[in-house]
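Take 1 as the starting number for the first sequence in full-length UniProt numbering and just add one per residue.
Accuracy of the hints is not assured; some may be wrong.
[Unchecked claim] Straight line, CA to CA, 27 angstroms or less: simulated DSSO-like cross-link-like pairs of lysine-lysine:
#1 Lys202 / Lys180
#2 Lys299 / Lys202
#3 Lys276 / Lys215
#4 Lys118 / Lys293
#5 Lys260 / Lys215
#6 Lys276 / Lys202
#7 Lys202 / Lys215
#8 Lys215 / Lys251
#9 Lys293 / Lys251
#10 Lys187 / Lys202
#11 Lys118 / Lys180
#12 Lys118 / Lys187
#13 Lys202 / Lys293
#14 Lys260 / Lys202
Since the hints were made in silico from the structure, they are not lab data.
Model, not experiment: these values are computed from the prediction.
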Amino acid sequence: MRIAMCFSHFQLPRCQIHTLYGSWWKKVNNLSKKQENVSNYQLLCPGGWDSRRWIQKSLSTGAEGKNVSSRKATNLSHKVNDVSSLTHSNLNTSSVEIEEFKSVHIEQKTSDNKDISKCTTVIVFDIETTGFSRENDRIIEIALQDLSGGVNSTFQTLVNPDMIVTNQQIHGISTYMVNKSGVPRMKDLIPILVRYVRSRQKPGGQTLLIAHNGKTFDVPFLISEFNRCSYEIPSDWHFVDSMSPARELMKAEGSTLSSKSLQTLREYYKIPQTGKAHRAMADVSILALVLQKMTRDLKLTIPGLLENYSFTASEISNNSKKKKNSK
DNA sequence: GGCCCTCTTTAGGGCCTT
1 MRIAMCFSHF
11 QLPRCQIHTL
21 YGSWWKKVNN
31 LSKKQENVSN
41 YQLLCPGGWD
51 SRRWIQKSLS
61 TGAEGKNVSS
71 RKATNLSHKV
81 NDVSSLTHSN
91 LNTSSVEIEE
101 FKSVHIEQKT
111 SDNKDISKCT
121 TVIVFDIETT
131 GFSRENDRII
141 EIALQDLSGG
151 VNSTFQTLVN
161 PDMIVTNQQI
171 HGISTYMVNK
181 SGVPRMKDLI
191 PILVRYVRSR
201 QKPGGQTLLI
211 AHNGKTFDVP
221 FLISEFNRCS
231 YEIPSDWHFV
241 DSMSPARELM
251 KAEGSTLSSK
261 SLQTLREYYK
271 IPQTGKAHRA
281 MADVSILALV
291 LQKMTRDLKL
301 TIPGLLENYS
311 FTASEISNNS
321 KKKKNSK
């Protein structure tokens with residue numbers, strides 16, 4: 001009931017949660033089984049996959065766009081207030097303000113890698129935007145996938161940018177699709193997004209969010225949007241740019257791998273294109289599969305990713321400020 | 001815009017993200 005109040009406050013009448021176990025999830029499931037992906041994920045998840053990982057329920061604002069026809073929304077009548085029964089119990093929505101998160105410093109964690117792996121939530125995410133400029137462009141779509149799987153392991157939504165979309169040819173997202181009532185604006189979405197991520201966190205654990213080219217695009221863009229809406233990225237969100245391990249892979253593979261782009265990595269690992277490239281959820285599902293292959297090849301674990309590749313939003317912000325001041 | 005590589009660091013160019 002408190003959730004309902006929250007969304008009422010946000011004025012998101014079309015925010016909905018529904019079962020997305022349509023052909024998309026089936027494809028991913030079948031694809032993963034065919035490609036022996038399930039066991040490979042154990043590199044990222046030394047404790048092994050949770051048996052719930054292929055349970056097929058996802059979270060969406062209901063504004064994921066018409067182009068995602070393969071993900072048939074089979075239960076649109078489920079309202080957002082049902083989220084309390086479908087996600088973890090800590091979706092406290094009595095206040096629209098984001099609580100100060102308890103920081104979990106990597107260096108304070110136990111040296112036992114298994115414990116780190118068990119308490120770390122790994123989420124792959126991707127954004128689509130109206131362009132490359134963090135100052136002038138806006139996010140128009142965001143998608144996340146918790147690699148531990150289970151109920152509501154994915155989250156996706158279109159975002160109303162309050163501006164004309166001029167790069168529809170890239171992602172297929174039109175002005176008409178996002179500039180209308182029912183599609184949440186970023187300022188309304190951020191609290192929902194933060195609560196979703198929190199709902200995926202393990203008790204006392206930390207979150208590792210992975211995006212391709214995230215260090216120079218997705219994360220700075222996200223920081224910019226949070227700041228524009230007077231929010232801050234939670235301090236216990238750690239990020240990894242999958243481009244970094246991709247560079248290592250390129251060094252190891254030499255000319256076999258010609259580029260570190262997501263599409264090249266997808267082709268390298270013979271992962272079929274599911275959905276339209278440059279739609280957020282399609283790219284997330286590809287990156288999730290690329291990651292499992294890449295971490296296997298590089299023998300990377302979650303502690304390894306945290307130690308060698310992770311960064312925080314504050315580090316990105318501080319670096320940006322230093323560079324501005326030095327100019 | 002930022003990272004990385006190299007024909008480099010007193011620099012320039014390619015890549016990657018939408």
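Cross-check of the supplied hints:
| no. | hint | in the structure |
| --- | --- | --- |
| 1 | Lys202 / Lys180 | 36 angstroms, violated |
| 2 | Lys299 / Lys202 | 24 angstroms, holds |
| 3 | Lys276 / Lys215 | 24 angstroms, holds |
| 4 | Lys118 / Lys293 | 20 angstroms, holds |
| 5 | Lys260 / Lys215 | 14 angstroms, holds |
| 6 | Lys276 / Lys202 | 32 angstroms, violated |
| 7 | Lys202 / Lys215 | 25 angstroms, holds |
| 8 | Lys215 / Lys251 | 20 angstroms, holds |
| 9 | Lys293 / Lys251 | 16 angstroms, holds |
| 10 | Lys187 / Lys202 | 26 angstroms, holds |
| 11 | Lys118 / Lys180 | 41 angstroms, violated |
| 12 | Lys118 / Lys187 | 32 angstroms, violated |
| 13 | Lys202 / Lys293 | 25 angstroms, holds |
| 14 | Lys260 / Lys202 | 32 angstroms, violated |
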